[in-house]
Amino acid sequence: MSITAVCVLQAIADGFQYGFDIIDQTQLPSGTIYPALGRLERDGFVKSAWENEQDAHADGRPARRYYKLTAPGVKALADAAAFYRSLLPAGKPRAARG
Amino acid sequence: MLRWCDLVLRAAAPMVPYDLRRDWLREWRAEFAFTAARAARLNKPMPIASLPRALGAIVHAAWLRWDRWRIEMIWQDIKHAFRTLKARPGFTAVTVLTLAIGIGGTTAIFGAVNAVLLRPLPYPDPDQLVRVYKSSLKSPGTIGGTVSPPDFADWRRQSASFVELAASASDSLALTGMGDAEQVPAGDVTGGFFAVMGTAPLYGRAITTADDPVGGRDVVVLSHAIWVRRFGSNPSIVGQQLVFDGVSREVIGVMPPGFQYPLRSEIWVPLRFSARDLETQRGAHYIDVIGRLKPDVELPRAREDMAAIGAQLARDFPSTNRDHSASVYPLREAMVSNVRQSMFVLLGAVGLVLVIVCVNIAGLVMIRALGRGRELAVRVAMGAGRTTLVRSLLIESLVLGLTGGAAGLVLAYWATTGIASLDPSIGVPLLNQTRLDTVVIAFASGIAVLASVVFGTMPAWQASGIGDVVTRIREEGGSTTSDPKRQRMRGLLIVAETTLAVVLLVGAGLLARSFSRLLSVDLGFTADAVQTFNISLPDSRYASPLQRQAFVETLLTRVAANPNVESAAAVFGLPLSNFRYGISTSTRDGIVLTDDEQDGLTLQVRLVTPDYFKTMGIPVLKGRGFSAGDRLGTQRVVMLNQTGATRVWPDQDPMGHQLELGTRLGLGGARAGGTVVGIAGDVRDYGPSARVAPTIYLAHAQWPDGSMSVVAKARDGDPSSLVQTMRTVLQDLDRDVPMSSVRSMGQLTSAAVAQPRLYLVLIAAFAGTAMLLSAIGLYGVLAYAVGQRTREIGIRLALGARRGEVLRMVMIQAGRLAIAGVVIGLGAAAIASRALRSQLFQIAPTDTLTYAMVGGGLLIVALVASWIPARRASRIDPLAALRHD
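Sequence order for the protein chains is R and L.
When you line the first sequence up against our numbering, it's residues 33 to 130, in that order.
When you line the second sequence up against our numbering, it's residues -11 to 873, in that order.
In case anyone wonders, no lab produced these hints; they're calculated from the structure.
A portion of the hints provided could be inaccurate.
Unchecked claim - Non-contacting residues of chain L with respect to chain R, defined by C-beta distances greater than 12 angstroms in every case (computed):
| # | residue |
| --- | --- |
| 1 | Ser38 |
| 2 | His48 |
| 3 | Pro189 |
| 4 | Val437 |
| 5 | Ser615 |
| 6 | Leu814 |
| 7 | Leu847 |
| 8 | Leu867 |
Said to hold, decoys possible - Simulated DEER-style distance windows between Cβ atoms:
| # | chain 1 | residue 1 | chain 2 | residue 2 | range |
| --- | --- | --- | --- | --- | --- |
| 9 | R | Asp46 | L | Arg53 | 56 to 64 angstroms |
| 10 | L | Ala299 | R | Ala114 | 56 to 64 angstroms |
| 11 | L | Gly186 | R | Tyr116 | 37 to 45 angstroms |
| 12 | R | Tyr116 | L | Arg476 | 18 to 26 angstroms |
| 13 | L | Gly186 | R | Leu120 | 21 to 29 angstroms |
| 14 | L | Ile66 | R | Asp46 | 36 to 44 angstroms |
| 15 | L | Arg26 | R | Asp46 | 44 to 52 angstroms |
Virtual Cβ for every residue (Gly too), placed ideally from N, Cα, C.
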């Protein structure tokens, strides 16, 4: 699984569920994030839905699409994160996620 | 800002597949609206970073388009391809079948090449395994050279490059005491052998250096094959006693399946050297040495190391080691060096067939694509782009290619099974390991895809070059002649195909002529009716030469008593059995020869009984053959073959002269030799293409040996009818002496040319296929061209052209293509046939007759192939033709 996909999954897992929120969180360009979301959804790691119309209207804007992890997505994220961690030199502090 | 972003979204939206477009726009717009709302809440303008973010929407849209295109369109193309191919079953069947032949043949030969040359040897870390030879400095680069025990011992002690060095010798022992006695191929090995090979036994233990000292326990290690075949895979065989050659040996281990070295060994027993052997046998070269390099030692260093030791031994023991060194070769290279080139030539030949197949199918696909011009033009008119068309045609080719590949794999499976079960006498090591493994299957899939791309791309591009759709539709509707550019392309394909076919045919022709010369070589004996088998008397029960002589004499007398036996004899060193026993001449007429003279006068030693020459049909040219009177205690007599006679006494008649060999044989260890009483005709002991070796014949009764080949000539001309009698006679004499290597001289003669025969059959099959394919290709192209020109020819005929002229016109068109192909092909063959040089016998790679026959033959085939379309053209009815389409 690519680094981008892991970043996206991790962002969603951290509660950043909307496209632009994920972009802000990962600092990756929108042209990268949306195709990545498309692939993850196609592969069954995330699924999307529309937020409640009434809530959105109350906020004076249209409803946004949000993404959430599926069970395979949760497992894939755990596996991939473990793999990428194993590549880090032992004993060195890992970069903390914000 | 929001407006700008919306503008970008609207511009990108058409790229998004229609069914996704609404949701796509909704999502992006909602995000931008949210960003704007959030900014408004904070009384800030919408961030400037929103614009580049909007540009990302273009990428997203493009990605969605590509993703859709990838999944759905390709799937549609595949379905479309299947539909199209199903609609034209004839075309599909021919294409798949030719592809199957091309891919199947290439895969099968690659399977053999993979087994023999590429796949790692079935031992751990095979790259560390090497053979060490005692090599002559006079012929550098020659791989081979057996080693004497003292040299081996010195190498092992002094070298620093090896984990271990071990010696082995091929042997054959009689397994007795359990039903019918059986002669079992054995490897005599020193204690380091299994450590060198790195393979642990399946059960029990292997032979180790603890087994090396003379007087150690008699033990045996079984191969997996014999353990399954003779002992029913019973693990408790370990620890039991078995009798080999009259010696009871304890089974100490069973090797895992597939372990086999020296090749064909079914058991291993210790090879031991006494202190005396190591002192006196420096000139006795009969062992093979194999070693495992230390992990940090590279081949060049090992070579330097051994060369230095070899040089030191040459200084220390000049009489045996002068001009000799020790050379190191990787085990694989040592095993297959003599077949490497022919394997690659075969792979090249079958690869050419595959190329011809591709060219042929390219022609077919191209013709068909042109026939579909209207369909393609309509697709272009409806908006299909060049890439869409190319993709669609390529996928059609891929479907064809992969179907052909699958069928080819079935053919290859069948062929590799056949190759693996070929008789080992063909002499290609590891060939029996040929199988369809993942590498071979990957190769087949690879070439299937490659072939599809090769035969698919060209026609696809050509067909898609449809500039003006209207012109195209009009052209397809009413053209009078076909497009000269396309015509030229098809012509080029035919020329290429013919060229390749000529190259293969020349190769096959050269091999055929060479093979017929091989068959016409006089081997020096006439033994079509002779049956042979081997016996090996165990030393334990036939220790004395008198016992051996008595056994052989009684055996021969009883065999000869059969009314169908015309004569019977025995020989130590049967012709064509690849038997080598060369000993240097030490004295000539009592004068001790110098070292150089001795080396130059190495004679092949053969021990024979009196009726040998008569039974084998070898003429005695001068003097007499051996008689029953030449026995132990009488004057020692020898015979020479003609080559040996001229070698030893170049300027004199050898009759009555004396010579002695540098070895002691038989009773009392006298030096072998005696007075020359006869000259026999030359026999080609090592096959028709090998040189005649100078040979000395000794009377078996004077030098009795226990390892003999019995030869018996059948009166009725059918040697196989003697086998049962021989078996009964032998069993009556001694049940525990097995009959081994039962074969007729006819079989041996046939086996001697088995390798060139197989080679010829394969190349000829490839060449035949190539010729057939190019004939079909030529026919197809002409038939199509005639079809395309029906209208034109009709007009010509209507305007008064004679039918003969039309016929000639088409034939000339075909003739031009064929001649171009043949001329280029003959030139290419003159270059390519050099690769065959080592396979050719008494034929030059540029043999004029072969080239002329191939060139002429292929032209005739081409004319025959073009005759049918040409005749069809000449019979066109002008009225019907003008109504055509």
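Violated hints, by number in ascending order, as checked against the structure: 1, 2, 9, 12, 13, 15
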